[in-house]
Amino acid sequence: MTPPRARSWGRKGVTPVVRVRGRGSGRVSMAGLTCYKPGKRSRMFYSVREYRGRKGEPKGIGWRDLLVRAHIQLGGPIVLVWDNLRMHLVEPLRRFIADHADWLTVFQLPSYSPDLNPQEGIWSLVKRDIGNLAAADLGQITRAVKRRLKQIQYRPDLVDGCLAGTGLASWALDSRAGS
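Residue numbering for the sequence shown follows the working numbering, starting at 592 and increasing by one per position.
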């Protein structure tokens, strides 16, 4: 529950102070996919999970569920472009990709290139929104994250803006604007 830094305001001469408890009570993990197809509206799939440190509790997000859900909802093959997160390089995931090569093609972004990943723009929008949140518990953070992700999900112009920020696929946005 270490709070992110954000700017705030206060009366002149009085520095605003937000007190937070120093103990860690868990973390909120997010995973997401932004989907672009010429002539179609941009889409975003995400998953959010709380981790409280309990025995046997999974720490991260199940990538298999997210990929299969996207495949079912999009109804076609997926070309996946992602960063070099350690989880993306594990053997079970490599086997999954090989087993589903009929609908899943994967390209890795170069190392240390978050500026080429449109999903980083999504995370930036979420973090900016919760920057001044003084949460009392982990559930409040989770609700705020889910609320912001849902707002972004229903605003394809924001998702398009994150792609435009990478400079990679301006052709996809141009073809949508013409239709």
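It should be emphasised that the hints constitute simulated quantities derived from the structure, not laboratory data. A hint or two may mislead.
Claimed, not checked - Restricting the straight-line Cα-Cα distance to at most 30 Å, the calculated cross-link-like pairs of lysine-lysine (DSBU-like) are: (1) 737 to 650; (2) 737 to 718; (3) 741 to 603; (4) 718 to 603; (5) 737 to 631; (6) 737 to 646; (7) 718 to 741; (8) 718 to 650; (9) 646 to 718; (10) 650 to 741; (11) 718 to 631; (12) 737 to 603; (13) 628 to 741; (14) 628 to 737.
Claimed, not checked - The following label-pair restraints were derived from C-beta to C-beta distances: (15) 641 to 662: 19 to 27 Å; (16) 735 to 602: 23 to 31 Å; (17) 678 to 607: 51 to 59 Å; (18) 663 to 604: 51 to 59 Å; (19) 606 to 714: 22 to 30 Å; (20) 738 to 758: 26 to 34 Å; (21) 606 to 693: 56 to 64 Å; (22) 641 to 603: 14 to 22 Å; (23) 702 to 731: 44 to 52 Å; (24) 702 to 735: 45 to 53 Å; (25) 604 to 747: 28 to 36 Å; (26) 645 to 606: 23 to 31 Å; (27) 685 to 600: 43 to 51 Å.
Given the structure is predicted, the values throughout are model-derived calculations rather than measurements. All C-beta atoms, glycine included, are put in the ideal place defined by N, C-alpha and C.
Hint numbers not upheld by this structure, sorted from lowest to highest: Numbers 3, 12, 17, 22, 23, 24, 25, 26, in rising order.
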